[in-house]
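Engineer: Numbered by this note's numbering, the letters in the sequence shown go through residues 1 to 109 in order.
Don't read these hints as lab results, they were simulated from the structure. Here the structure is a predicted model, which is why all the values come from computation and not from measurement. One or more of the hints may lead you astray.
Claimed, not checked - Label pairs and their calculated CB-CB ranges:
1) G52 <-> E105: 32 to 38 angstroms
2) P71 <-> D9: 26 to 32 angstroms
3) Q64 <-> P89: 31 to 37 angstroms
4) L98 <-> K36: 39 to 45 angstroms
5) N12 <-> R108: 19 to 25 angstroms
6) R29 <-> F8: 39 to 45 angstroms
7) R44 <-> C109: 18 to 24 angstroms
8) I7 <-> Q35: 42 to 48 angstroms
9) V83 <-> R103: 15 to 21 angstroms
10) I99 <-> K36: 22 to 28 angstroms
11) T34 <-> T4: 30 to 36 angstroms
12) I7 <-> D50: 37 to 43 angstroms
13) R51 <-> A80: 14 to 20 angstroms
Here a beta-carbon is modelled for each residue, glycine too, at the ideal position from N, C-alpha and C.
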Amino acid sequence: MGNTLTIFDLDNTLIQGDSSTVWSQFMVREGLATQKGYLAREARLMADYDRGEMNIADYVALIQAPLAGIPKSDVDALVARCVREAILPRVYPQAWELIRRLRAEGSRC
Numbered sequence: 001m002g003n004t005l006t007i008f009d010l011d012n013t014l015i016q017g018d019s020s021t022v023w024s025q026f027m028v029r030e031g032l033a034t035q036k037g038y039l040a041r042e043a044r045l046m047a048d049y050d051r052g053e054m055n056i057a058d059y060v061a062l063i064q065a066p067l068a069g070i071p072k073s074d075v076d077a078l079v080a081r082c083v084r085e086a087i088l089p090r091v092y093p094q095a096w097e098l099i100r101r102l103r104a105e106g107s108r109c
């Protein structure tokens, strides 16, 4: 393969579930997203997405609101923790196997 770059979709391809929803759940657990009904609103917007009807501005506003005023370095640390604690455990074993094989063949993944 040599100079091959392999790109994957993340949600429901490499990991079980949707990473945006996992992030929303993480923010609730960490006490960042405290708005009543936050996860229900996120679920409604994701249902809109599944139907091709999501207003992306509404979704971005929902996801960004809990982070307002938090320094970027702190947000970076939260994202790293979320990936470590909530995303990596959701990676399908077959995905790890495929990535290892492709890397062994010289692909960048």
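Engineer: Take the hints in turn and mark each one as holding or not.
Structural biologist: Hint check:
no. : hint                             : in the structure
1   : G52 <-> E105: 32 to 38 angstroms : 36 angstroms, holds
2   : P71 <-> D9: 26 to 32 angstroms   : 31 angstroms, holds
3   : Q64 <-> P89: 31 to 37 angstroms  : 25 angstroms, violated
4   : L98 <-> K36: 39 to 45 angstroms  : 41 angstroms, holds
5   : N12 <-> R108: 19 to 25 angstroms : 23 angstroms, holds
6   : R29 <-> F8: 39 to 45 angstroms   : 27 angstroms, violated
7   : R44 <-> C109: 18 to 24 angstroms : 34 angstroms, violated
8   : I7 <-> Q35: 42 to 48 angstroms   : 34 angstroms, violated
9   : V83 <-> R103: 15 to 21 angstroms : 19 angstroms, holds
10  : I99 <-> K36: 22 to 28 angstroms  : 40 angstroms, violated
11  : T34 <-> T4: 30 to 36 angstroms   : 45 angstroms, violated
12  : I7 <-> D50: 37 to 43 angstroms   : 23 angstroms, violated
13  : R51 <-> A80: 14 to 20 angstroms  : 33 angstroms, violated
Hint violations for this structure: numbers 3, 6, 7, 8, 10, 11, 12 and 13, all remaining hints satisfied.
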